[in-house]
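*Asks:* Here is how the chains run, residue by residue.
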Amino acid sequence: MNDETNLLEVRDLSVHFRRGHGSPVLRAVDQVSFSVAERETLGVVGESGSGKTTIGRAVLGLVSSADGQIEFAGEDITRADHKRRRALSRDLQVIFQDPYSSLNPTRTVAQTLGESLRAEKLATDEVRNRVITMLERVGLPATAADRYPSSFSGGQRQRIAIARALVAQPRLVICDEPVSALDLSVQAQVLNLLRELQDEFALGYLFVAHDLDVVRHLSHRIMVLYRGQIMEQGPADTVYTAPMHPYTRTLLEAAPVPDPVRQAERRLRRVRTGDNTGPVSAAGCPFATRCPHAAPLCRTERPALEQTPAGTTVACHRWRELSTAPTEVAAASTPSVR
Amino acid sequence: MTVTVTVTETVADAEVSASPAVNPRFVRRLMRRPLAVVCLAYLAILVLIAVVAPMLMPHVGTDRAGDLGTALHGPSAAHPLGVDSLGRDVLQRLLVGTRVTLVGVVEAMAVVLALGIPIGLVAGYVGGKIDRAITWLADLVLSLPAIILVIVVLSVFPQSVTAAMVTLGVLAAPGLVRVVRAATLPVREQLYVAAARVSGMSRTYIITRHVLPRVMGPIVVQASLLAAAALLVQTGLAFLSLIAAPPEPSWGGMVADGVGALFQQPWLIWPPGLAIALTVLAFGLLGDAVRDAGTEGWSAKSALPLGDKRRGAPKRASAVVPASTDDSLLSVRDLTVSYATPTGPIRAIDGVTFDIARGETVGVVGESGCGKTTTALAVIALLGGGGRIDSGHVLFDGRDLAALSESELQAVRGSEIGYVSQEPMVALDPAFRIGWQLAEAVRINTGMSRAKAKRRAVELLEQVQLPEPHLVARRYPHELSGGMAQRVVVARALAGEPKLLIADEPTTALDVTIQVEILDLMRTLQRDRGMAIMLVTHDLGVVADMCDRVVVMYAGQVAERAGVKELFGNPHHPYTRALLASNPHNQHSSAVLPTIPGAVPMPGSWPQGCHFQSRCAHATDQCGSGNIPLLQIGALHEARCLYAHQIEGA
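Protein chains in written order, with the working numbering: chain X, 19 to 356; chain H, 103 to 752.
Just to be clear, a hint being listed does not mean it is correct.
Said to hold, decoys possible - Covered by chain H, per the in silico footprint, the following chain X stretches (three or more residues, Cβ under 8 angstroms):
1) 119-125
2) 133-143
3) 209-217
As the list claims (entries may be wrong) - Here are the simulated lysine to any residue pairs, SDA-like style, with alpha carbons at most 20 angstroms apart:
4) H:Lys667 to X:Ala282
5) H:Lys556 to H:Trp538
6) X:Lys139 to H:Arg299
7) X:Lys101 to H:Ser304
8) X:Lys101 to H:Arg299
9) X:Lys101 to H:Ala296
10) X:Lys101 to H:Arg305
11) H:Lys667 to H:Ala459
12) H:Lys231 to X:Arg37
13) X:Lys139 to H:Ser304
14) H:Lys667 to X:Glu283
15) X:Lys139 to H:Arg305
16) H:Lys667 to X:Gln281
17) X:Lys139 to X:Asp109
18) H:Lys667 to X:Val279
19) H:Lys667 to X:Leu286
20) X:Lys101 to H:Val228
21) X:Lys101 to X:Gly132
22) H:Lys231 to X:Arg36
If you're looking for bench data, these hints aren't it; they were derived computationally from the structure.
By construction, the Cβ of each residue, glycine as well, lies at the ideal position given by its N, Cα and C atoms.
Bound-form chain H, shown alone:
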């Protein structure tokens, strides 16, 4: 009995100090989950029964037999759950047997947690030789046959529940050690751990305050699984009469009794069987609920888009497609995109219109959250995460891409429109050689034979000016530098001889000297092939270097549209002007940089009227209502500002 109490306390202590937020808020969050409440109530009743039942019914534990005349009777008023093979009341034995079952589980869990969590944390956080030694030892223990060892221990300590369950706990701990270690490794590399080390925090402090809360999720889930496993082992051992020998009641022993009388009275296996099944289920469900409630406090309000897999076809009939300007390769007209979220759709792009002529480079610039990447993805209909085109048209070479089916789009993507993303290493599959990946792209886009596609892949590598293209083709992505990898990605985008290349921050992840090379490469390819480029970037220097025309986006809308010299020399939208001014390049050092107060409003919290009004020095009451139109400034220059005409050029 004393063992039980101390062990329970240990578990409770461990959870109190470990849980991310064992505070009233955590409890409240847990209690908001109906499933958690049901599981907790069930387990609480079990604990109560385990404590009280043996006290109220002391005779049950020692009764060798009851009224043998009623043996194997089914449920009745006198015996609600029937009578067992020796004439004893099943309900009473079930209740009294709860204690030995739960004590076993708690003992095993106490050992597993007490060993698994600290050892796993140390292995993961300290690393090096200690980690190797612990991992080696854990693997060794995991390779031991657990049940046989438990039985060996029971031969030394006959009928000892504690001995059996502690042994089980020791043997199961390495599983938890590995889970905790694996969860700790990435947390160790987090910068806030480095910041805590800079502040001179001790290892113990960092492990308990910074690492443990982050790894509690996996621990809780693993612990609930282990608790369920311990319950099954405990009842299994009792079933075999290795522990809790008759006449002591236990759930496993009762199942054994039921199995013995399976053909005379099949009912008898049901009460203990259900108790075992429900308890296993309760452990598992409670584990999930505790993990979710524990992380809910600090994780971002889940704005995860719902899995709306439908590609959003525009609601408007394609018949009213506006004619695109004659020399335009791409004409985006009134494009509106929204993302599905648990609280309803949120608009990310609001009526975007722009053109790209053949062989021209158009820059799409803006800060994060302005919708430039969403625009690029909408053009090739690759909006992930519940995004859909609500209305508008994407006219490409005479067709409306927004109205095409997925299979028709696949023919356009790659072969007519190429795409280069920001992170070259992520864009390449690490498992395949460069040459193979390129040849696949060529084959899919052109229908060439494998042998031809292979030769073409090497040609493409040569075109992006990689030295020794034959050797590069045989390498894997990790064998390339970032600059080489981005050349390969450009080569892949060129596989189908596209008329338009969409480059989304193609050089942001690269060093400046490598950026120069990639931009030069894109410029050369454009000149040689007459390819148009849509260049999405936040770098005004790259825009000045590459683009013919520029579209400035702000909070989902086009703020200003102009030729590149006009935009830099004569900006009319207050946002464009402020953005150019806040660039430190234009400033003398020691001067205070002009700033834009506040930050870009996120999709879903755009104001009425002008999206920039709250940060704008020129804003008036007029800016807060209605739709602000794009005003014509010059032949190819427009700005979405009521006062665009009053604002003079730089």
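The following block holds chain X by itself, in its conformation from the complex:
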């Protein structure tokens, strides 16, 4: 993909958090590079502490980056000021996880949606029309405009949050766990809506989630993060069916599948990997402490991202030898029940 079609281009992004005096900085995001094109969904997966949410917040300018560069539509926005952000808000929007805390309870739905249009300085009537059109587009009645968030269910609130993000007709939307708080039947409705809207408005999504099934369903490409670093990146189906990195395999094996027969088989083959805590050495691979295949080299030298024949990139010293071994996940993801 060349730079012309990329909406978002992130190079060597690092975000550090200070945890009080004396203690070392927390490398929440550590030299991460990726891009999102128009009409493309990049899924970002990882466990808590992987930095997946922080990446989205850095792109949105909600946290400042320690290093690296964030380009939107060819323009460097790493240190955009608030005036620049306001102009940018027409193109770059966000949908948060929690549909309760993401809507101000003291403002009506119309006021909340209208805020996204302030940068455009439209007439009051025009704002109202666009707000109502967008509410109807996400499946809410026009009468919703003058009500407060408290009178809506979780799924309806998430529709409102989607409407707020899309009313200004952005080009890129950061979706930060947008369906994690929703029930299964409502989750499916929202996922379908997100996909329809992507086709309709040619949106790019940076889709952050911890549910691997959800990410796979919506994403074209997937980036797997662990402790702020990219472990593996590539086309969604390839990463799922032929994971190269031991961490990706661990994640996929850990998620139980809704099929008792297959799940019982998977359980027998699972490898234990321990807890996602404790310090990570800056030198080696962050997953080395939990990795069943860790070699001495893994603890001393940080693996570089390498291109694999399958079209993915992987940060593992041993991916070549490991990829020849048959993987359980690849076998288990064949659709038929054996």
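Use these hints to put chain H onto chain X, whose structure you have.
*Replies:* Quick look at chain H alone, frame taken from chain X:
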């Protein structure tokens, strides 16, 4: 006079721009509160008096003495509130004295609000160095002795009400700054503030539109308290003749006059005293009413359950307890639970029946609002917030838990039934070491000595496979990771060697790799101890991984009940089928996911007949009336659907 007017306007402006909804709706809501109307009317009359009285009775303010012959007379027709020590009419002086009293309060409040709100908002929202500097300064000012400083200022500006009250306002502002700052801190972290920042809104916009409305409640309450305090300080200073010196009438000066003549005419302290007390009261009550009316517009219709503390004993006699099936450890029969609300009881569980055999894992699945957690809580009779069991039986090991007294239940909970909740960090008390908390649980459930219980606690930590259990026992909950904390919670649930473990979404808050560990742990413990598990979850993958049998709940009822392979392979209820289909795992990417239209109806708005009918593709007119029974599909397979037999397996 000019000062008064501008100051009043400032206050009014501040409230107009600040209040969450100063619009006709807010006024209407305020006017619906009788107490607010009374307070407003009282204060409005005071303001009117303050403006008009000195104009109509210009002589009162300068009269040094009246008819000394009538001095200290009590109330009479000519002088309804009596006569003071210098023979002047008390009513007239009370009315004219209102102005100086109110002007003082308004001046102090204007300064407090003008300083306190913006500085507090900035400190709370901006944070960092600015916050530290403001907090330091506020603490410094609060440590100054206010009354002494006011008196010092009065020595420079003798008799100046404005100087005194502005000084008071400056000294009282840090109190409001701290309240506003504390209220702002949590609002700053709300996602809608982040969303507004993404939209490029300026700090000023976010603070006035997003933060201020949320912190208006505490501001209004604090302001009403400060207004009352300012009134008391103003009258105190007047009492001491430091402001409003004689002959100028003021409420405080009148109290002083009354105190001077306390033994000759005790009546004299009553008119100004009552005026002061009523005004203080009016400020306080109005503050509460304004806060409530301000938040009423946007807050959810208060469906807060009433505090019905009675544990709902079933109305039916325990004599007709149905026999439980032989090998059942737990048999729930026709369990019906309702919650008390201001509009009457609302049914949350409707005739739930299921069994759990010894050593078996039964999953209770469904979406939020289907009543799975309520069912779990009803089993151990821990329904909070006005919930009660209306009817039905919870047969556990031969006893009906629904008919036991609270003390009998306590013996069952913990020692025979263990409970693991969703949020491990909330389930542990942050103030106590892990070992102590576990030892307490052991001691209460087994009656062991402290020393023995302590050893047992370490054993339990070892059983849940925590490395170095001795060290873990000495840690506090915040020193553990989420996965470790959930192991500790499981260990605590095991303290009394329970026969049944109720786990309510035990892994929902955990990462998948940690979820695997906790589920494996539960499986191992079950195998070793022959313990039964009731697993409440919304995750179908977890159900497939853990359960022997499954109860699918929908809107308070059991929709389907079957063995786990049967349920996933041959579901018969349309809800179960739709739920399985909408799981993205079963879908090829790029396909449109099958959805269930609408959402689960909340308790209180369930339809007649089948609860699922409005979302069901198979619904007919038949589904809208009567009770839909559970139909037998197979030996251990039932579904609550009229057409369950026609609907073929997957």
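*Asks:* Which of the numbered hints are not met once you compare them with the structure shown?
*Replies:* No hint contradicted; all consistent.
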